[in-house]
Amino acid sequence: MIAIIAITFVLYFGFGRDSDPQKTKIATVNGEIISKLEFENTKKMMREMLQKQYAQYKLVLTDKMLKEMNLDKMARDNLIQGKLFSQGAEELGLAVTQKEVQDFIQNYPDFQNAGIFDKNRYDILLRDKNMQPQDFEKDLSQTLLDNKTKQFLMTFAPVNKQELQDRYTFANRKVKISFIHFPAKSFEKSVNIEPKALEEYFSKNRAAYRVPDQIRVAYMIVDPEAFQDKVQIEEKTIEEYYEDNLNRFEEKKQVKVRHILFKVDLKTTQVEDDKIKEKALGVLKRAQAGEDFAKLAKEFSQDPNAAKGGLVDYFSRGQTPDKFYEQEAFKLKKGEISKNPTRTQAGYYILKMEDIKEAKVKTLAEVRPVIVQKLLANAKSEYAYDKALDLMDKLPYDVELKVYAGQNNMPVKESGYFSQNENIPELAVAPKDKEALFELNKGERSELVEIQNKYYIFQISDRKPSYLPELKEVQEPVRKAFAESLAKAEAKKEAEKYLAQLNKGAAWEGFIKDNRFTHATTNFFKQGESLPELDNVPELKEAAFELSPAKKYPEKVFENETGAFLIKWEAGEAIDPAKYAEEMGRYQANLQNEKHQNLVKSWVDFLRAEARIEDQDEEEIKVGLEP
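For the sequence shown, counting from 1, position 260 maps to 259 in numbering that gives the first Met the number 0; every step adds exactly one.
None of these hints come from the bench; they were simulated from the model.
One or more of the hints may lead you astray.
[Claimed, not checked] Listed below are the simulated DSS-like cross-link pairs for lysine-lysine, each with C-alpha atoms no more than 30 Å apart in a straight line:
1) Lys-252 - Lys-330
2) Lys-255 - Lys-284
3) Lys-72 - Lys-51
4) Lys-266 - Lys-297
5) Lys-307 - Lys-276
6) Lys-359 - Lys-255
7) Lys-184 - Lys-492
8) Lys-229 - Lys-412
9) Lys-332 - Lys-356
10) Lys-175 - Lys-555
11) Lys-307 - Lys-266
12) Lys-229 - Lys-373
13) Lys-297 - Lys-338
14) Lys-149 - Lys-72
15) Lys-359 - Lys-252
16) Lys-278 - Lys-262
17) Lys-412 - Lys-401
These figures come from a predicted structure and were not determined experimentally.
Required output: the full structure, derived from the provided sequences and hints.
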């Protein structure tokens, strides 16, 4: 019920009404208008939903990403599907009566007071949403109709027992296999690379060796550390910073204690616990009677610091793993011993307060060096920033950056050529700043860029456009890749030779003795379960479930970047009938939902194929983060 109301609020009346849909229509579905306002509102809703999803993973959704997603098309398809769904429901003879709408509203919790429908509450809530009751009830009727249509369609997607058992069996049956790995590296020394074959390989794969766009940059450096003698910090500024940031200089109350621990754990019985507590009480009485606490700790404490007489150095609240220990420690006075043993997860503690450092605020004299260092760093950074801006403002358009830097006694460097996916030596340029550099033409300058607290101005010294290299330029990587491909082909050929012999009756045990190759047997595993040694071998695990006692070997070998693989069926494990009975309900619900979704999609696709859909102004619709 709550979900239906939420959908109605968000999708329908959360956005307002179009005064004249005919004038602002962007599409029609069998003559029914989709207005520009409907489109913008739907797009806004989808955009906000995507932003929330990205925010959950601390990501930012940009305009560029929205364009790549084609938010316009998503919003238009959503609206068209909604119109088709409504029209299809009407054709099925489905309808929602006024009484159904009223019953729903009267039973909705937010519209009730003490379990009874409250008309005043209803009006206030709608008024808060900026809508009239008649608009809400009309849109609620449509939402209820959509829901009723889905329920109706569900009756045409039953799940029979065989389907359910097949689905459960597919997901839960297990298999165990043995495998032999034929590493490509084992064949690398035996491959022979002919020059002509290398050239043919390069010709087929030349695009993979394309050299990307490259640039060379000159950059002027404005380093705050170079302006040490340009800034001074007044005493008044230091005092003001201290007064404004007193909370930063607070020291929490700290205590130093000794303790004696009598251990208990989860396996300790109540009888044993009582005995341990009784022992702790005995030692406590001796401590309270004046015996040396440190000696008692060395004798009785079951804690690593027993050798130090149970001494625990200064700590503040929140630094101990047990709240009961902390509470007891902070209520003791200096020299005082616990009145009773303190029970914690670790056991029973007896505590003695050794010393207390009360909470205080450090004096200005104590923190002055820290404040001066921080204020100097800020002042130098501000001076450097202003200097960098001034240099940028006065930089003539037709002067090289290297010349200008020399004229102003500023350090300047020049990089070698680099591509967008390479780093500039000594500079950790952020990807967005590097992307901006590659958008500049030769001679153009960047905006001011901050990198690790220094400021930089870049100028493009030269550009090299992307090109397809000749073989001699990339001889080594091409030769290496070709050798690896030949080695993999040899590994596959060897694995296929083994498979052919196995199919003729050869024994698996004879092959696993070949020490050039590795072999192993897996544990039982289910569909979708991870097998680290085989997860990156395409099709292998799926093929394992097609094997059986009558067909122990697959029809082919399997490959990945490391070489070839040959597998053998070892054993299968059927589903557990008891677990099937226990989990059947969940699988039935999932299968029912899947079949229902497929049926709804097929039905809407059919309606769409039969519909008359006209787009009016697709070119005018824009994507953006601003509503």
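We went through each hint and held it up to the structure:
| no. | hint | verdict |
| --- | --- | --- |
| 1 | Lys-252 - Lys-330 | holds (12 Å) |
| 2 | Lys-255 - Lys-284 | holds (22 Å) |
| 3 | Lys-72 - Lys-51 | holds (20 Å) |
| 4 | Lys-266 - Lys-297 | holds (25 Å) |
| 5 | Lys-307 - Lys-276 | holds (23 Å) |
| 6 | Lys-359 - Lys-255 | holds (17 Å) |
| 7 | Lys-184 - Lys-492 | holds (14 Å) |
| 8 | Lys-229 - Lys-412 | holds (24 Å) |
| 9 | Lys-332 - Lys-356 | holds (11 Å) |
| 10 | Lys-175 - Lys-555 | holds (18 Å) |
| 11 | Lys-307 - Lys-266 | holds (28 Å) |
| 12 | Lys-229 - Lys-373 | holds (16 Å) |
| 13 | Lys-297 - Lys-338 | holds (20 Å) |
| 14 | Lys-149 - Lys-72 | holds (24 Å) |
| 15 | Lys-359 - Lys-252 | holds (8 Å) |
| 16 | Lys-278 - Lys-262 | holds (11 Å) |
| 17 | Lys-412 - Lys-401 | holds (8 Å) |
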